[in-house]
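Enquirer: Those sequence lines, one after another, are chains A and B. Each residue of the first sequence is one higher than the one before, counting from -10 in the numbering used here. Each residue of the second sequence is one higher than the one before, counting from 36 in the numbering used here.
Honestly, the hints are just simulated from the structure, not real lab data. A hint or two may mislead.
Stretches of chain A that chain B covers, calculated by requiring three or more beta carbons in the stretch to come under 8 angstroms of a beta carbon on chain B [to be verified]:
| no. | segment |
| --- | --- |
| 1 | 21 to 32 |
| 2 | 82 to 89 |
20 angstroms max Cα-Cα, derived EDC-like pairs, lysine to aspartate or glutamate [claimed, not checked]:
| no. | chain 1 | residue 1 | chain 2 | residue 2 |
| --- | --- | --- | --- | --- |
| 3 | A | Lys45 | A | Asp55 |
| 4 | B | Lys49 | B | Glu113 |
| 5 | A | Lys15 | B | Glu79 |
| 6 | A | Lys45 | B | Glu79 |
| 7 | B | Lys49 | B | Glu138 |
| 8 | A | Lys45 | A | Asp72 |
Each residue gets a CB set at the ideal place from its N, CA and C atoms; glycine is no exception.
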Amino acid sequence: SQQGEEDPQALSIQEGENATMNCSYKTSINNLQWYRQNSGRGLVHLILIRSNEREKHSGRLRVTLDTSKKSSSLLITASRAADTASYFCATDRGSTLGRLYFGRGTQLTVWP
Amino acid sequence: DTGVSQNPRHKITKRGQNVTFRCDPISEHNRLYWYRQTLGQGPEFLTYFQNEAQLEKSRLLSDRFSAERPKGSFSTLEIQRTEQGDSAMYLCASSSELFQPLEQYFGPGTRLTVT
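Isolated chain A (complex conformation) (with noise of 0.2 angstroms):
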């Protein structure tokens, strides 16, 4: 079953501005993370945040955590075309074992 649900479930917005995505989740988790996925293609992982972390920033990508809330955002700051992807966060449930439970995911259209 799904564990993650992200919302919205699309977005579109235009070049040079930002965009946010939200996740939520229902278990303890040991950390969460988020990939990239191009139409049709494989998952690109792009960032981890583990459960005792707040923030976490990688190039254009800040991501936020709340453990009391169960919720984790992602934030792409100055979007290019190329952002242009469907947005997966995925946790662990709580287990150390790997496997991964995804939500939905977000469909990310920036328009040039």
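Take the given structure of chain A and dock chain B to it, following the hints.
Expert: Just chain B now, kept in the frame of chain A:
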């Protein structure tokens, strides 16, 4: 390069036929995962290997599905007597237990269409 590779990339088969997919993980990764993704959904876990041992299987993996990783390197996923509901993208991922937390590296996937 040494990313995760999957073959074939696309497979069209008729209902009732058997199909087999192959995954070659990153060479130093001892963990290998199979996921299935249908249109508009996130990937769903199917099964997981640590070295050659299959340690976990999802309820999604019916008895028509079998996965192997004979020498702890590449893995195969076979679907017998395919059904139209098996049409999906089959994704393979690998990771190394030496690095915690476990970031998974995904292959490009095999898209299966059952007609």
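Enquirer: Please go over all the hints and tell whether each is borne out by the structure.
Expert: Status of each hint after checking the structure:
Here's how the segment 21 to 32 of chain A fares: 6 of its residues keep a CB closer than 8 angstroms to some CB of chain B, so the rule of at least three is met and the hint holds. Under the rule that three or more residues need a Cβ within less than 8 angstroms of chain B, the assignment of the segment 82 to 89 of chain A holds, with 5 such residues. For the suggested pair Lys45 (chain A) and Asp55 (chain A), the alpha carbons sit about 12 angstroms apart, so the restraint of at most 20 angstroms is met. With a C-alpha separation of about 15 angstroms, the suggested pair Lys49 (chain B) and Glu113 (chain B) falls inside the 20 angstroms cut-off, and the hint holds.
For a cut-off of 20 angstroms, the pair hint linking Lys15 (chain A) to Glu79 (chain B) stands: about 16 angstroms separates their Cα positions. Note on Lys45 (chain A) and Glu79 (chain B): the hinted pairing is violated, with a Cα-Cα distance of about 26 angstroms set against a maximum of 20 angstroms. For the proposed pair Lys49 (chain B) and Glu138 (chain B), the alpha carbon gap of about 36 angstroms is over 20 angstroms, so the pair is violated. A C-alpha spacing of about 19 angstroms is found between Lys45 (chain A) and Asp72 (chain A), which places the hinted pair at or below 20 angstroms, so the restraint holds.
Hints 6, 7 from the earlier list are contradicted by this structure; the remaining hints agree with it.
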